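Colleague: Take a look at the letters that make up each chain.
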Amino acid sequence: MHRTGDSGTRTRGRGRRLSTILALPILLLGLEAVSQGQTPPAASAPKSSSAKPAGKTAKPAAKPAAPLGAPLKAYGSSNAPITMEVFSDYECPSCRNLYENTLRSMINDYVAAGKVYLVHRDYPLPMHKYGYEASRWLNASARIGKFADVEAALYDNQNSWSQDGNIAKYISAAMSAAEFKRVEAIMQGCGFDTPAGMKTAKLTLGQSPDTCSVDPYIEADRALGNKVPVAATPTYVIIYKGNRLPAGSGFVSWPILKQFFDSLLSQ
Amino acid sequence: MTLLGSILQWLAWWGYCFVAAGAIVVLCIRNREKRRGVLRLLLVLGGVLVGSIFLAAAYGKMKPFPGFPWGWGSLKISITYFVMQVESYEILSPAASNLVAHVLPFFELFLGLWLVSGIARRSSSVLASLVFFCFMALITYAWLRGLKIKCGCGVGPDEETGPGAVLRDGVRFFLPSMLLAIGSFYERRIRATELSPAAVPSAAHAD
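The listed protein sequences correspond, in order, to chains E and A.
Note that the first sequence ends on residue 267 in this note's numbering; no numbers are left out.
Note that the second sequence ends on residue 207 in this note's numbering; no numbers are left out.
Bear in mind the hints are in silico, worked out from the structure with no lab data behind them.
Given the structure is predicted, the values throughout are model-derived calculations rather than measurements.
Certain hints may be false.
[Said to hold, decoys possible] Cut-off 25 angstroms, straight-line C-alpha distance, at most; resulting in silico cross-link-like pairs (BS3-like, lysine-lysine): (1) A/K76 / A/K63; (2) A/K76 / E/K115; (3) E/K258 / A/K63; (4) E/K129 / E/K115; (5) A/K76 / E/K258; (6) E/K241 / E/K227; (7) E/K129 / E/K227; (8) A/K34 / E/K241; (9) E/K241 / E/K115; (10) A/K63 / E/K227; (11) E/K241 / E/K258; (12) E/K258 / E/K115; (13) E/K169 / E/K129; (14) A/K76 / E/K241.
Please work from the sequences and hints to get the whole structure.
Modeller: Printed below as a string of structure tokens:
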């Protein structure tokens with residue numbers, strides 16, 4: 001008798017628990033619906049000098065109007081619904097992996113189709129001996145409109161120049177002799193060492209460690225990266241119609257990234 | 001951050017303190033009947049707290065990004081974004097990452113509701129402990145491989161893979177779920193000894 005009564009109590013107790021389970025999602029959805037209206041929209045992505053309107057093709061944005069304009073380190077049209085900013089270090093193997101296996105396909109596919117605007121952001125890490133110097137070469141090349149070719153050359157030959165530091169060899173191979181002379185002229189005063197103090201102190205926006213004319217652009221990117229914040233390279237930030245999504249880091253394959261873009265574009 | 005998310009995340013983030021304090025309280029009570037009564041109450045609360053970890057984790061993976069309204073479209077975006085996070089661990093193939101990322105949030109939602117309901121608490125708490133153990137093993141594996149991945153799982157702030165993240169998961173998530181499992185078995189044992197000797201075998205097999 002005692003056990004039957006106990007069983008009945010337990011059955012009633014379970015019934016109550018089941019009704020709790022059913023009621024809980026409804027309550028949660030109700031609470032969510034009430035609180036949904038209070039969510040403020042995310043701030044739009046900051047537009048930097050490098051994210052200027054570009055052409056409709058997958059080639060680097062557009063040639064700068066003046067030879068000493070800001071470096072344009074972007075692919076595609078800035079009117080694309082999706083903007084992807086990638087913070088990377090040219091000496092970082094993961095960044096090369098992302099570029100070679102994902103970004104290249106993306107540039108040929110979704111960037112060319114005007115669906116994605118891909119922006120490169122420099123974030124050279126102090127642990128890499130030649131990373132900062134590579135960024136300088138890239139920025140100098142980008143100022144004469146050779147961003148895409150130089151980026152490809154840097155990643156394709158990363159194993160070589162990261163050993164001996166001979167970056168100029170691959171930069172010169174990626175452009176004509178006349179263009180390389182212009183890049184060299186921009187690079188005058190840069191020196192070829194990592195800026196002093198970089199390993200110990202973070203440089204603020206616009207504070208150049210020496211007279212190198214491209215360093216402010218690198219530091220501007222690094223300042224943006226510190227705001228994300230970038231903890232490792234590559235780190236990417238995706239902006240869809242002005243909504244900035246949480247930053248992601250590490251490798252992502254093109255099929256998976258494409259799937260994510262498709263889900264965004266199907267909204 | 002929505003109201004619901006804030007409540008769930010607060011419970012998930014600080015729940016371990018209550019569970020640990022509850023365990024100490026139970027150990028301090030000498031009277032057997034009183035101890036069982038307090039234990040039963042604490043198990044209900046512990047189930048809610050550990051369940052809220054899973055609910056918060058599921059919510060973190062399913063909630064729409066800022067600027068997106070609730071709906072299937074935003075759910076799809078959040079899940080496909082989670083696929084990228086799973087893939088960044090570089091353990092699974094793209095297809096397997098897709099499968100895991102599509103199943104895990106719903107599994108967490110189910111397990112969270114199960115723990116909150118209190119039905120078959122011993123099974124749910126053991127399963128929760130196993131899941132947390134697997135998460136800790138994954139983070140350790142990613143850290144040992146030198147991967148710097150943010151792992152917050154929607155509960156509390158994101159943290160990079162490393163000893164800190166493992167310790168956080170161990171103390172905040174694994175410890176309370178283990179205490180809940182131990183408490184559930186202990187409560188069952190007390191109940192079994194209170195029943196008549198003839199009733200013990202059948203009770204021992206019931207969940």
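Colleague: All hints are to be evaluated individually against the structure, with a verdict given for each.
Modeller: Hints versus structure:
no. : hint            : verdict
1   : A/K76 / A/K63   : 10 angstroms, holds
2   : A/K76 / E/K115  : 19 angstroms, holds
3   : E/K258 / A/K63  : 21 angstroms, holds
4   : E/K129 / E/K115 : 36 angstroms, violated
5   : A/K76 / E/K258  : 13 angstroms, holds
6   : E/K241 / E/K227 : 20 angstroms, holds
7   : E/K129 / E/K227 : 24 angstroms, holds
8   : A/K34 / E/K241  : 60 angstroms, violated
9   : E/K241 / E/K115 : 11 angstroms, holds
10  : A/K63 / E/K227  : 24 angstroms, holds
11  : E/K241 / E/K258 : 17 angstroms, holds
12  : E/K258 / E/K115 : 11 angstroms, holds
13  : E/K169 / E/K129 : 17 angstroms, holds
14  : A/K76 / E/K241  : 17 angstroms, holds
In this structure, the earlier hints numbered 4, 8 are contradicted, and the remaining ones agree with it.
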